[in-house]
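Listed in order, the protein sequences are those of chains A and B. Residue numbers for the first sequence follow numbering that gives the first Met the number 0, beginning at 0 and rising by one. Residue numbers for the second sequence follow numbering that gives the first Met the number 0, beginning at 0 and rising by one.
Note that these hints are calculated values from the structure, not bench results. Every residue, glycine too, gets a C-beta built ideally from N, C-alpha and C. Some clues are possibly wrong.
[Unchecked claim] Derived BS3-like pairs (lysine-lysine); straight-line CA-CA distance at most 25 Å: (1) A:531 <-> A:437; (2) A:91 <-> A:102; (3) A:91 <-> B:6; (4) A:482 <-> B:6; (5) A:385 <-> A:214; (6) A:274 <-> A:328; (7) A:384 <-> A:214; (8) A:385 <-> B:30; (9) A:50 <-> A:385.
[To be verified] Some residues of chain B that are not near chain A, with every Cβ distance over 10 Å (derived): (10) 33; (11) 38; (12) 40; (13) 42; (14) 64.
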Amino acid sequence: MANPSAVCNGHLHHHHHQKQNNLLKSGIYKKNGITKGMKKNGVSNGTLYKKTFIEHFEQAPMYVAVLTFLGFGVGTIFGYLRDFMRAWGLEKRNIAAEREEQKDFVPLYQDFENFYTRNLYMRIRDNWNRPICSVPGPQFDLMERVTDDYNWTFRFTGRTIKNVINMGSYNYLGFAETDVNALKTVTIELQKYGTGVCSTRQEMGTLDKHVELEKLVAKFLGVEDAMVFGMGFATNSMNIPALVGKGCLILSDELNHTSLVLGARLSGATIRIFKHNNMQSLETLLRDAIIYGQPRSRRAWRKIIILVEGIYSMEGSIVRLPELVSLKKKYKAYLYLDEAHSIGAVGATGRGVVEYFDMSPDDVDVLMGTFTKSFGAAGGYIAGKKDLVDFLRTHSHSAVYATSMCPPVAEQIIRAMKCLMGLDGTTQGLQRVRQLAKNTRYFRRRLHEMGFIIYGNDDSPVVPLLLYMPGKIGAFARRMLEKNIGVVVVGFPATPITESRARFCVSAAHTREMLDTVLNALDELGDFLHLKYSRYSKSSHPELYEETRLELED
Amino acid sequence: MDIKSTKSYLYWLYCQFELITCSYLMEPWEKLLFYTFNITMLATALYTAYVFVSAHLCSAFQFFLHLFGNQHENTVSVVK
């Protein structure tokens, strides 16, 4: 397929016109005599996916699951022992407890519920909430802290650990930077507007910056209108209740983010869960919903909305958008796509999963995303048809009650988006997107070759590396920090109990040397901690095998 | 040099044991308790094996020998 973004003399032509021309040239199949500009339904080869969609979810050998449960079993036994000692006064209690006078009242703190937190999480707590003291770019500085009583309290030694390679921050395009030239416009806006807005959107908090930003977001995504909010989590949790209510049906993916789950529960609609990225499961649910209607009255559902994410941050999997859109059209449901991790990170020009699959943004009813991950700012947006956005401006809880985005942050998003679209006259944006894609492919390929179990799609910059055993979670994070690499490890409540993992976020700002440092450290640590469980690892030197074959043929 | 690599291999095995059984996360007194329990259990198992298993094996061997021995005599008498 011809590359639609032509770069000429370092200046980027606006590629919309060119893309349309290319499509018309390649001969779009006309449906009912109407050619829709960007739509690619019924393209000549007839398949839904235009490029290969490879996802890995390899299962570890059985002994790993057995040993994981063994580890949790030992931890649980010792947890009971410690709780017993705490209850009988043989050990000091460090958690919240009621006062003596309140012992006869209804208990405030149910001891058993926090069993896991008290007995397992506390032992490895030093790997989370590490305070950083620099910009979270490709390298950052950490404040060193030590604990005297096994992680119940910490104290800072006063030293900072400098230039730790950052494999945990959501800095996909590298816009978290402190370069003075890059932040020139942000500084100007800061001096012009100050930092606070001191009002909500509906009262006196709509600034010209917000209007400018919303127009730019709409242009970037190729939709009619957009609305921005100050906080990404609040965008989901406050706007879903505005869109659906009682009598509506929400079909939500198994592994959706907490903000989507919270928004769905707040709305009061009926929620049904389908298996992760499984379109057969979704189709079954859709058919049942339409055939049987609402539970007791058997009336038709007022609305059926499907909640999915672009990239799932714990799995690294990408949503199966083409199948999803064809399903939604067949059963006449609405689609809400949360592109928190995918906007800016996938797609040929960084416009998210809609562009990654070469689809039109008209196919998705509600496009939602956040500016936290790829744009180095904070906040979220909802984009779509003008009617939808106008409705949300009046009916969203966030618009009525939440403080609007502050102007310097809005300016940071504007400059990042302009850079991505090429409107600032350079090709830096496109270079960042391509660098991210290159880094992602390299990192994932090397990790597969080394023999680790990696989940997710080959093109997703979120790379979860499976650790499985609870003892290894703490060991992995601590040893990586000793090697000056900062990683994020995730354990039980956020992931299934046997599948704890380390999650790497590749960034466009990472150089090849940084990635190689990290990969060598991972290789060493993988051998020491015995993490290379994959049974399908490819050889890292295929050319050697080629040579021997040639010799034999002689 | 061989001793060194054996030592480091044994240390690596010990580290694996620590990680798998979560004793890496335990405080020193908990580790002491855990290892004492494990070593006691292992010692008891080995002692039981030493005392009883060989006696059981011997008697089982005798039983099977007796069984096959009888059969052999019977076949010899028929052929005759």
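Hints and how they fare:
1. Only pairs whose Cα atoms come within 25 Å are accepted, and residue 531 (chain A) paired with residue 437 (chain A) is accepted, the gap being roughly 24 Å.
2. At roughly 18 Å between alpha-carbon atoms, residue 91 (chain A) and residue 102 (chain A) fall within 25 Å of each other, so this suggested pair holds.
3. Note on residue 91 (chain A) and residue 6 (chain B): the hinted pairing is violated, with a Cα-Cα distance of about 39 Å set against a maximum of 25 Å.
4. Taking the CA atoms of residue 482 (chain A) and residue 6 (chain B), the gap is near 24 Å; set against the 25 Å cutoff, the hint holds.
5. Annotation: proposed proximity of residue 385 (chain A) to residue 214 (chain A) holds, straight-line Cα distance about 11 Å (limit 25 Å).
6. The straight-line distance between the Cα atoms of residue 274 (chain A) and residue 328 (chain A) is roughly 20 Å, inside the 25 Å bound, and the hint therefore holds.
7. Note on residue 384 (chain A) and residue 214 (chain A): the hinted pairing holds, with a Cα-Cα distance of about 13 Å set against a maximum of 25 Å.
8. Restraint check for residue 385 (chain A) and residue 30 (chain B): not satisfied, since their Cα atoms lie roughly 64 Å apart, outside the 25 Å limit.
9. Note on residue 50 (chain A) and residue 385 (chain A): the hinted pairing is violated, with a Cα-Cα distance of about 32 Å set against a maximum of 25 Å.
10. With 10 Å as the threshold on Cβ separation, the claim that residue 33 (chain B) sits away from chain A is violated: the shortest Cβ distance comes to roughly 7 Å.
11. Consistency note on residue 38 (chain B): stated as away from chain A, and its beta-carbon is indeed over 10 Å from all of that chain's, at 15 Å minimum.
12. Taking the minimum C-beta to C-beta distance to chain A, about 13 Å, the non-interface status of residue 40 (chain B) holds against the 10 Å cut.
13. With a minimum CB-CB distance of about 19 Å to chain A, residue 42 (chain B) clears the 10 Å threshold, and the non-interface call stands.
14. At roughly 39 Å, the least C-beta separation between residue 64 (chain B) and chain A is larger than 10 Å, which holds for a residue marked as non-interface.
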